[in-house]
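Novice: Since chain G is already given, all that's left is putting chain U on it; use the hints.
Residue numbers (this note's numbering), protein chains in the order written: chain G, 108 to 536; chain U, 66 to 248.
Since the hints were made in silico from the structure, they are not lab data. Wrong hints could be hidden among the right ones.
Derived lysine to aspartate or glutamate pairs resembling EDC-like cross-links, with alpha carbons at most 16 Å apart [what the hints assert, rightly or not]:
(1) K134(G) x D121(U)
(2) K122(G) x D111(U)
(3) K456(G) x E473(G)
(4) K112(G) x E88(U)
(5) K122(G) x E196(U)
(6) K76(U) x E88(U)
Among chain U residues calculated to face chain G with C-beta under 7 Å, some are [to be verified]:
(7) S84
(8) D86
(9) F92
(10) V98
(11) G99
(12) Y102
(13) R103
(14) V109
(15) V114
(16) Q116
(17) Q120
(18) F123
(19) L192
(20) F210
(21) V211
(22) A220
Note that the Cβ used here is the ideal one computed from N, Cα and C, for glycine as well.
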Amino acid sequence: MSLEKQFANIQKLDKFQVNSDWQSQTKHALMSEIYSQTRLMKAHKLSRAEKFDLFMLSLTRRLMPSATKMIAILLIFGMGSGFSVAAQTSLPGQALYPLKRSIEKAELTLALSPVTETKVHIKHLNKRLAEIDKIVEANKVDNQPETIAASEKAIQKVVIYLEKEAAAIDQSLKIVKAESDPIETVSLAKQVTELVKVSKDKAEILAQQIPAEKSQVIQEALDSVKVISAEVSQTAVTIAVATHVEVAQNQVENNPENIKAEDVATVKQIVTEIITANIEDLSKTLQASQEKVETVTPEVIEQAVKENETAENNILPVIMGEIPKVEAQDIQDIKVQSADTSTSLDEAKAFLESGSLQDAVLKINESQEAVKKTEAVLKTIDAAQKIVDTEKANASSSPQSFNTAKPKVLPVLEIKQAMQAESSDLLKQ
Amino acid sequence: MKSLKSNLKEKIYFLKLKSGDSEAFGFFYDQYVGQIYRFIMMKVSDVQVAQDLTQDVFLKIWQHFVDQKQMLNFRAFIFRVARNTVIDYYRQNKQNNVSLEQAEETPDENVALEKQLSIQLETESLLKVLETLKPEYQEILTLRFVEEMSFDEMAEILQKDKNNIRVTLHRALSKLKQLTEKN
Chain G
108 MSLEKQFANI QKLDKFQVNS DWQSQTKHAL MSEIYSQTRL MKAHKLSRAE
158 KFDLFMLSLT RRLMPSATKM IAILLIFGMG SGFSVAAQTS LPGQALYPLK
208 RSIEKAELTL ALSPVTETKV HIKHLNKRLA EIDKIVEANK VDNQPETIAA
258 SEKAIQKVVI YLEKEAAAID QSLKIVKAES DPIETVSLAK QVTELVKVSK
308 DKAEILAQQI PAEKSQVIQE ALDSVKVISA EVSQTAVTIA VATHVEVAQN
358 QVENNPENIK AEDVATVKQI VTEIITANIE DLSKTLQASQ EKVETVTPEV
408 IEQAVKENET AENNILPVIM GEIPKVEAQD IQDIKVQSAD TSTSLDEAKA
458 FLESGSLQDA VLKINESQEA VKKTEAVLKT IDAAQKIVDT EKANASSSPQ
508 SFNTAKPKVL PVLEIKQAMQ AESSDLLKQ
Chain U
66 MKSLKSNLKE KIYFLKLKSG DSEAFGFFYD QYVGQIYRFI MMKVSDVQVA
116 QDLTQDVFLK IWQHFVDQKQ MLNFRAFIFR VARNTVIDYY RQNKQNNVSL
166 EQAEETPDEN VALEKQLSIQ LETESLLKVL ETLKPEYQEI LTLRFVEEMS
216 FDEMAEILQK DKNNIRVTLH RALSKLKQLT EKN
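Bound conformation, chain G alone (with noise of 0.2 Å):
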């Protein structure tokens, strides 16, 4: 045996060979950990070599024939036939599930750029919404423990689905900006922003509909989807407003003849249509929340403050840094919080009327996480509120004979009255 082929089967040795589960398992918490990292992690920027270079590699593998691109045309061209009609309309746990994905898959495959690739995740991501609201639709009608079940499971298999979509979308629409034209970009980037804008808001309508004791897994679901759909916002606004800034500069510094004016105009108008809708959304829901705020009592505030030291519920959340933690002082701050947020969303306007998209973003940003954080203090005051109501209710329906130890049981209709006694008096300060 030669010396080469000896060395060469060095390379097949078993205690050579790596464990298939470790590989496995060290890839997940690899996948895992670099993951989070990735959504704080900002694309780096490719020379244009590089670019070219991306583009020419793309281009040439993409011409090229193989056995995945076969078995998608195949699969695309079969759309038409009876079951893969049927697998359209299907959920997760059902039979034709994995065609549906699969179908999904060839149609990523065949997607001949980055913006194509982004708009086939875009739809993908809508089909995922569209599965949110057959399960909960389903939940809603049927009350058989089975049902509920099945429909918690299969929800959170699409939310898991819908964050791979939103990171793909993500990751292409970065590719987008390194690869294509500005224009393309932002009109992307606006796309995707209406996008996430319908999801949250579908989100929002759902968990009303459902009755949270109901089901907490599909409102724990719902709520994924929400802070997804914001992620992913925040990401597409930045690379927005960057395009815009990037291509401002090289008007300016390098070669003005290479950039249209109208170009530079057209970016701009897009990028600031994005991020009115952003403020328009924001205020809204700023809006509703300020609401909830003005009906709060104080004896709901003490109760809450007293609710949040004890309770321990959402604590991975609040580490993942979904949702900010809420102090006692955040929830009798919670006001003068609602009216300094009014304020950084007022001041973002300006800025955008001002022309400076930047740093209309910047206060967008803020005014984002004071209303992120005004939703998770209205959640703990909210989980008071019914602790209060329940008291209350149990006091005014109990006999006298068993609540000696209190002074007075008042009538629901007089607990009624002093509550609004009591909201229209805090209105009035």
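Specialist: Only chain U this time, still in chain G's reference frame:
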């Protein structure tokens, strides 16, 4: 040899990785985990240590991208990181383990090994002969013949001049042949 298509695919993923694509990282993990594990295992001969160090190597690679540092050839770079990780490991565990420097050829063992080699020179035996060589020779032979690397890649990993690599490789091969032919 890698096919043109897999080379092309790797280049695309490399550019994607540079733009912070975590999926591209998954691709590189699948491509290189076996090779890096083998490279480290040949140096440390302990499954647990090799697994830990392999994981470290991939984390370091990701960190490198997070820090947005430059990298021209992924393959050469990951092997360089693996090599430095092993060196760091030996430095930190000097007291407990035989260091790379200490693992020089020992004449007594060679005699026994040479006798063994005279009976059969199969892969396992070659590996044992290889282990008796200087770490520098072991490394250069492994990279060239086990990992099938080019002189350019080896120069980048070992941070040496290409001509220097050629000379060292020639000496390493002569030494190896000398040891095997004696038997």
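Novice: Against each hint, give a clear statement of whether it holds in the structure.
Specialist: So, going through the hints one by one against the coordinates:
1. K134(G) x D121(U): holds, 12 Å
2. K122(G) x D111(U): holds, 10 Å
3. K456(G) x E473(G): It holds: about 13 Å lies between the C-alpha atoms, which stays within 16 Å.
4. K112(G) x E88(U): Judged against 16 Å, a Cα distance of about 35 Å means the pair is violated.
5. K122(G) x E196(U): holds, 15 Å
6. K76(U) x E88(U): Holds, because 14 Å separates the two Cα atoms, which is no more than 16 Å.
7. S84: holds, 5 Å
8. D86: holds, 5 Å
9. F92: Violated, about 11 Å.
10. V98: This hint holds: V98(U) lies near chain G, its Cβ roughly 6 Å from the closest one there, short of 7 Å.
11. G99: holds, 5 Å
12. Y102: holds, 4 Å
13. R103: Where the cut-off is 7 Å and the nearest Cβ of chain G is about 4 Å from R103(U), the hint holds.
14. V109: violated, 12 Å
15. V114: Violated - the Cβ of V114(U) stays beyond 7 Å from chain G, reaching only about 13 Å at its closest.
16. Q116: With Cβ-Cβ at 6 Å, under 7 Å, it holds.
17. Q120: holds, 5 Å
18. F123: Interface hint status for F123(U): holds (6 Å vs cutoff 7 Å).
19. L192: holds, 6 Å
20. F210: holds, 4 Å
21. V211: holds, 5 Å
22. A220: violated, 20 Å
Checked against the numbered hints above, the structure breaks hints 4, 9, 14, 15 and 22 and satisfies the rest.
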